[in-house]
Amino acid sequence: MTRRRRPAGTAGIALVVACALPAQDDSNSGASCRVCHPGAFRALARTPHVDRACAECHGDVRAHVASAQRPESTLVPAGAVAASRCATCHEGRAWPTTLGAHPWRRDVDPIPTPILPRDDGLASFDWDVLAEIGQRFVSRTGSDDRFATDVDLDDGLRLSEARITGRGRSDWLDSIDLRARDVGDPWRKLGADVAKDGVYRASASREDRAFHHRTSGDFGRVSHHETRQRAAIDVELSPSLGLWSDFERFADDGFWLTHRLAGRGTTPLAPVANAVSPRRLESDLSAAGLRGTLDSFTWRAGVEYLRQRDDERWAFDREAPSNPLLRESEDFASRSALEGPGVIAALDHRGGPLAVSVTARHRELDRDIAGGGTRRGADPVEFVTTSTAIARGDARTTWLSGNATAELNDDTSLVLDLSWRDHDETLRLDSTEVTVFPSSGGDTTVVDSRTQRTAQERLVGSLELEVAVAEEFVVRAGWGFAREELVVPELAPGVDPSRGTLRDDGALLGARWEFAEDWTFDASYAGFGQSGLRFEEQQERTSHGFEGRLRRRGEDLSVALFHRGRRERNDASGYRNDRDSVGVNVDWHAGRRLDVSAGWVFSRADSSTLTSFWFDPDPNPAPTVVGFRGDTHVVTAGVAWRSESGITMRSDVARSSTDGSFDVATLNWRTELAWDAIEGGTAGLRHEHIDYDEAGSADEFTADLLMIFWRQRLGRRPSPGR
1 MTRRRRPAGT AGIALVVACA LPAQDDSNSG ASCRVCHPGA FRALARTPHV
51 DRACAECHGD VRAHVASAQR PESTLVPAGA VAASRCATCH EGRAWPTTLG
101 AHPWRRDVDP IPTPILPRDD GLASFDWDVL AEIGQRFVSR TGSDDRFATD
151 VDLDDGLRLS EARITGRGRS DWLDSIDLRA RDVGDPWRKL GADVAKDGVY
201 RASASREDRA FHHRTSGDFG RVSHHETRQR AAIDVELSPS LGLWSDFERF
251 ADDGFWLTHR LAGRGTTPLA PVANAVSPRR LESDLSAAGL RGTLDSFTWR
301 AGVEYLRQRD DERWAFDREA PSNPLLRESE DFASRSALEG PGVIAALDHR
351 GGPLAVSVTA RHRELDRDIA GGGTRRGADP VEFVTTSTAI ARGDARTTWL
401 SGNATAELND DTSLVLDLSW RDHDETLRLD STEVTVFPSS GGDTTVVDSR
451 TQRTAQERLV GSLELEVAVA EEFVVRAGWG FAREELVVPE LAPGVDPSRG
501 TLRDDGALLG ARWEFAEDWT FDASYAGFGQ SGLRFEEQQE RTSHGFEGRL
551 RRRGEDLSVA LFHRGRRERN DASGYRNDRD SVGVNVDWHA GRRLDVSAGW
601 VFSRADSSTL TSFWFDPDPN PAPTVVGFRG DTHVVTAGVA WRSESGITMR
651 SDVARSSTDG SFDVATLNWR TELAWDAIEG GTAGLRHEHI DYDEAGSADE
701 FTADLLMIFW RQRLGRRPSP GR
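The sequence shown begins at 1 in the working numbering and counts up one residue at a time.
Keep in mind that the hints were calculated from the coordinates and are not lab data.
Be aware that one or more of the hints could be misleading.
Stated by the list, open to error - Label pairs and their calculated CB-CB ranges: (1) Asp693 - Arg604: 14 to 22 Å; (2) Pro186 - Arg579: 29 to 37 Å; (3) Asp571 - Glu433: 56 to 64 Å; (4) Arg579 - Leu459: 22 to 30 Å; (5) Thr293 - Gln229: 24 to 32 Å; (6) Ser170 - Phe332: 51 to 59 Å; (7) Ser170 - Val635: 50 to 58 Å; (8) Leu178 - Leu241: 23 to 31 Å; (9) Leu157 - Ser216: 30 to 38 Å; (10) Val635 - Glu312: 37 to 45 Å; (11) Gly39 - Thr293: 33 to 41 Å; (12) Asp155 - Asp571: 50 to 58 Å; (13) Asp578 - Trp479: 46 to 54 Å.
To be verified - Straight-line distance between alpha carbons at most 16 Å, and here's what the computed EDC-like set of lysine to aspartate or glutamate pairs gives: (14) Lys189 - Asp174; (15) Lys196 - Asp174; (16) Lys189 - Glu207; (17) Lys196 - Asp234; (18) Lys196 - Asp171; (19) Lys189 - Asp208; (20) Lys189 - Asp234; (21) Lys189 - Glu248; (22) Lys196 - Glu226; (23) Lys196 - Asp177.
Quick caveat, the model's predicted, so the values are computed rather than measured.
Ideal Cβ placement from N, Cα and C applies to all residues, glycine included.
Please construct the entire structure, taking both the sequences and the accompanying hints into account.
Following this line, the structure appears as structure tokens:
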């Protein structure tokens, strides 16, 4: 059977309105007819029959209304107007029924032209402005260098936080968010987001960070400044297709090593203090592509381009330790470039019993290195060495990772994780070293050409089964593996290892038990794995971890007890790292205006590795064992209080002590007192006390930092639904 077509949505409207009436017993009154036939009602108002009910002419329409209330049923048409209906009012004369027709005509009763939203610009937006500005005062005693390493905050006026958000409607903008944090301090953040709903989203940010390492002793002088700038835009091409583009610029400028050694074989061996060794790294990464959705799939694909430049220089000039009448100096510089394209892709599937996520990336990069310089010294006769080197090569890297979760039934899931990385780099190095001996007029020349190859293939995967034994008890069990094939340049043929394979397999175990109201116990164990460090860094043959946690989460009281452990080994380098931590955290909501927290953590570390430092005074250094053993206790406590008069106070203290290969104790106590002085305005004090104690070291310091601030909020939050 077929039913008459109606304008889209009218049946649903009729159903909602009709259901709001008392079972529609008054269907013949015309109240229900007005819902689906508004045009006919407006036309009826212009006829002499305006006071008549629909049923007076069309007869009983209850069956018609009842069928309209049920879109899934067949529509029962309303009854035709019979001449007998006209005779009810017009006795003695036969009137044509067509004279009572009342169709709606646009020219007689036009629909008003809709009023489109007016673009009033940013003035019509809902705005919210937040700013916190303060004056910091710093008092410190002890080591200025250690204070710069750990804290690095100075006196002065600071913009701690500023934020402007706006939400409204315009032709080109619907939302705007401007942010700034810690302006005037070594770590600064700026950001901006703008968007037009359904059209585009754009963002930009900048982060500045300054790092200092100025501890006592040789080889401990580092100072550099990082800047990271990001920009991104996403444009909606259609509801299921979008265009995206990202850009990131990173710059690192500073001094990495200002204490060093000169000739290792010279006698006496004297470190060089305050050597000039600046370095600057610049890197640009650009990417663009498409993203979209198709049924239950979400995808993203694009291309990228990396451009990186690295400039390094080191120089010093001093009296030669072996002969004060002669000079010892170095002045070397190098410049390297790494550049090339890449492709990226990602695919996600969510829906049904299977969820899959896959990401892939590939890069083809070219590397160029040029370096050179001169070295002057006496060993024991005066010499001048000039070195030049050029290296060119290429590198190919592929990353592939994925995970899949299959719900076998309501209580059982299977989880698969895979990660693969393949890196292969070849570098051709040509160098020339010419040494001249001024006293004798002689010279020597050493030319070296070699091709070096570095390769790493790393595959890590796991398969885990998760079963809900009961509603409150879930167990997990599985197996994992880690494989790595490594090839490194052979610097000393027949002496240094140049290739090898790392293999590791083990079990995965876990459980979650909600054994009582608000109480949960979690435990996990991973009996395989590696740290994931890159090939040019320290590699761990195995990296196993285990963790247990007991938690209670209540409205007023939350308690958590935990234990974490890790075991890492590498037989080739004699590397061992054992770490264990246990602790407890308590949070108590003592009332509407008072919160209290406390915690304790105990950690034990035992690590060692074989090493051959390049600055070892022995021309043929033998591997020695270095490492750290020690216990650390950390105790924390905090309290937050709020009064009815708008005064708030928060105080947090942390005490840490380490006893072992070296002994260190620190105290950090922060307190903030704030008062809501006016509507939207808060005045406050923020004090921080820092104490650093290291046994037998000149790096100890004590500092007090006081910030007097004013926080102001203006405007109103965006209106709901805007």
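Query raised in the report: Within a Cα-Cα threshold of 16 Å, do Lys196 and Asp171 meet the stated pairing?
Result: Cα-Cα ~8 Å, so holds.
Query raised in the report: Does the structure keep Lys196 and Asp177 at a Cα separation of 16 Å or less?
Result: holds, 12 Å
Query raised in the report: When you take the CB atoms of Leu157 and Ser216, is the distance between them in 30 to 38 Å?
Result: The hinted range 30 to 38 Å holds for Leu157 and Ser216, with Cβ atoms some 32 Å apart.
Query raised in the report: Would the pair Lys196 and Asp234 pass a check requiring their Cα atoms to be no farther apart than 16 Å?
Result: Satisfied, since the Cα-Cα distance of roughly 11 Å is no more than 16 Å.
Query raised in the report: Do Gly39 and Thr293 keep their Cβ atoms within the hinted range of 33 to 41 Å?
Result: holds, 39 Å
Report task. Compare the distance between the alpha carbons of Lys189 and Glu207 with 16 Å, and conclude whether the hinted pair is satisfied. Result -> holds, 5 Å
**Report entry** Lys196 paired with Glu226 [C-alpha distance capped at 16 Å]
**Finding:** Judged against 16 Å, a Cα distance of about 32 Å means the pair is violated.
Query raised in the report: Falls inside 22 to 30 Å, the C-beta gap from Arg579 to Leu459?
Result: Between Arg579 and Leu459, where Cβ atoms are some 26 Å apart, the hint holds.
Query raised in the report: Is it true that Asp578 and Trp479 lie within 46 to 54 Å of each other by Cβ?
Result: With a Cβ separation near 24 Å, Asp578 and Trp479 fall outside 46 to 54 Å, so the hint is violated.
**Report entry** Range hint 24 to 32 Å (beta carbons of Thr293 and Gln229) holds or violated
**Finding:** The hint (24 to 32 Å, Cβ to Cβ) holds, given that Thr293 and Gln229 are roughly 30 Å apart.
Query - Pairwise hint evaluation, Glu248 against Lys189, where the allowed Cα distance is 16 Å at most - result: holds, 15 Å
**Report entry** Range hint compliance [Cβ, Leu178 to Leu241, 23 to 31 Å]
**Finding:** At 30 Å between Cβs, range holds.
The structure fails to meet hints 3, 13, 14, 20, 22 from the earlier list, while all remaining hints are met.
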